[in-house]
Amino acid sequence: MNLTDLREVLDERSTTDHVDARPHLLLAGVQGRLVVRRRNRQITAFAATAVAVLAVGAVTQAVARPAPDHPAPAATAPVPMVNGFREYADGARVIASSAPLAPGAKTLRVTFTPTSADLVFFTRCAHEAGKVHQISLNGKAVSSGTGCGGTVSSDAEMLRSSYGVRVGMPNTVTVTFPDGPPADFAVAVGEKVGPGRYVFPTRPSQLQPLDTESGNMKLGYDSGVSYQTTMVVRADPADPNRPVDLPFAWGKGAHLTLLSQTPGALTVTVDGVAIAHGEWWDYQQMLIDGGTDKTWSPPRNRQATWEKPEQGSGVVLTVKPERMTGDWAVAIQEPM
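First residue of the sequence shown: 142, per the numbering used here; consecutive thereafter.
Worth flagging that the hints you see were computed from the coordinates, not collected in a lab.
What you are looking at is a predicted structure, and each value in this text was computed from that prediction instead of being measured.
Treat the hints with care, as some may be off.
What the hints assert, rightly or not - Each computed DSBU-like pair below joins lysine-lysine, with the alpha-carbon atoms no more than 35 angstroms apart: (1) 359 - 393; (2) 449 - 435; (3) 393 - 435.
Required output: the full structure, derived from the provided sequences and hints.
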């Protein structure tokens, strides 16, 4: 499975993106189950606002509902490092990693024995320099591109069925470099852990204001279609874990972009059907693309089959936060 088959848009953590990557946001692609991400350190100031939905030419009040009781992640000491990788990152703990590639070598391998098939793969290098690399898992291609410093993850079912991941047995990640590697390229394997076992980064003394005014939150793109933001659901400043309802008339289609100021999770439903989910494990304001109405169906959504509403019909979009301790936003975008 090659990244040219992914409709992934990567955050800007480095100067070069994977093949067919657009730098303005992160998409969850290949059947909604393989995610490639990069970190984006966004620090543009934007004042937090009250709970509201900002529509083109109008302001629509959203409805906040009683909040569930979710503990906030505690501030912790700095996360330890493993061969240059953070031991805890993107909801996973590193269980195996490589040393930097030896001079002149064109292949890097890491063999690991997981206790779970919920895996995350990390890459890093000193300088990207446009060097192509190809990643495979148990002999099957996972991705191909020129970027590094990113994350590739999928669910356990896909890793078992498509990549032959075996719990309790050796598995191998192989990275090849047709034209030679970039400097200090390395790869690591992590197992996903729940919030109760995850070591969160230390909370900053002052959080950066949520950046909802950048182009990342204004425009979307999927399968050749451009989208423009028409509504933005914001967190309740008094309680960021309070669910927010948005009644609105369904348009020609929809595309979602999710953003959070702190660790936590957002689940978006339309008329009770879960259509998008995003998780954050740090304070770097990573954008997550929730896909479009064309992808809100199995296998992306296994709880229920998404049935697109008739244009003009009334629907209720609900954002359900978990473990949030700061501001968040969900942009609803329509085809341009």
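Which numbered hints are broken by the structure, listed smallest first?
Of the numbered hints given earlier, the structure breaks none, since each of them holds.
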